Amino acid sequence: MNIHPTAIIDDSAVISPTAVVGPYCIIGKNSKIGEGSILHRHVVIGENTTIGKHNEIYQFASVGENPQDLKYAGEPTYLQIGDYNRIRESCTFHRGTAQDRSLTKIGSHNLFMVNTHIAHDCSVGDYNVLANNVGVAGHAHIGNHVIIGGQSGVHQFCRIDDYSMIGGASLILKDVAAFVMVSGNPAKTHGLNKEGMRRKGWSRDTIQAIDEAYRLIFRSGLLRQQAIAELESMLEREPKIALLINSLKNTERGLTR
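Those letters in the sequence shown? Residues 79 to 335, per this note's numbering, in order.
There may be inaccurate statements among the hints.
Simulated DEER-style distance windows between Cβ atoms [what the hints assert, rightly or not]:
#1 R276 to E314: 21 to 29 angstroms
#2 A320 to H187: 18 to 26 angstroms
#3 Q303 to K107: 46 to 54 angstroms
Everything labelled a hint here was simulated from the structure, so no lab data went into it. Keep in mind it's a predicted model, so treat the numbers as computed, not measured. Cβ atoms here follow ideal geometry from the backbone N, Cα and C, with glycine treated the same way.
Sequences and hints are given; from them, build the entire structure.
Structure representation (structure tokens):
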């Protein structure tokens with residue numbers, strides 16, 4: 079175990095023998111650091127925080143602090159972080175609240191650039207990139223393979239679904255459907271993230287089918303249940319359309335259009 083002598087670690091914390099804890103780090107009570115994870119200098123890990131394997135956390139990040147919710151009254155709440163995440167300088171991730179599930183949950187293989195904020199009770203999936211100064215308010219849900227441009231803000235309770243892309247300095251007030259590109263203040267939809275699909279090696283037929291599904295939702299004028307019925311008829315041709323169906327079914331704030 080490589081722990082710098084200036085680090086301050088609560089006696090109840092559990093740290094893998096292969097983890098690295100750098101100078102002046104602080105690790106709170108009942109927290110866990112998984113194998114191969116690296117805490118660079120001046121990292122603060124709050125209480126009840128579980129950090130998985132091979133994460134890298136840079137200086138001045140504050141991970142697992144009390145939520146910024148006026149209803150929070152000291153109840154035991156939690157932050158759970160998966161594996162292979164990079165959390166850059168000055169990021170802030172807060173634990174959940176008892177009013178929700180008491181849990182903020184981060185997946186694996188994410189990049190959180192400088193000064194990203196993940197608020198209480200958020201859920202973040204896998205393989206996402208959140209650029210500098212992105213702020214995600216409480217109870218928000220971010221799926222998988224999402225890119226959020228720098229200086230963007232996400233309103234509380236919003237959903238941002240898989241493979242979507244948000245331009246820099248955008249304000250997200252409604253849910254963002256899978257595969258789409260949005261930008262602006264307030265954000266508007268500007269078509270599909272086709273370049274992202276090509277980079278993942280998706281076939282022309284797959285992209286064309288998703289494009290047709292997108293047009294059914296955003297260009298046809300169909301009501302939600304009508305659009306869902308049309309999309310379900312396309313599933314045999316292209317299973318990935320299920321992600322757009324889920325966006326329609328799960329939205330509570332309405333989709334960004």
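Hint check results:
1. Against the hinted window of 21 to 29 angstroms, the Cβ-Cβ separation of R276 and E314 comes to about 24 angstroms, which satisfies the hint.
2. At about 22 angstroms, the beta-carbon gap between A320 and H187 stays in the expected band of 18 to 26 angstroms.
3. Restraint check, Q303 to K107: a C-beta distance of roughly 50 angstroms satisfies the suggested window 46 to 54 angstroms.
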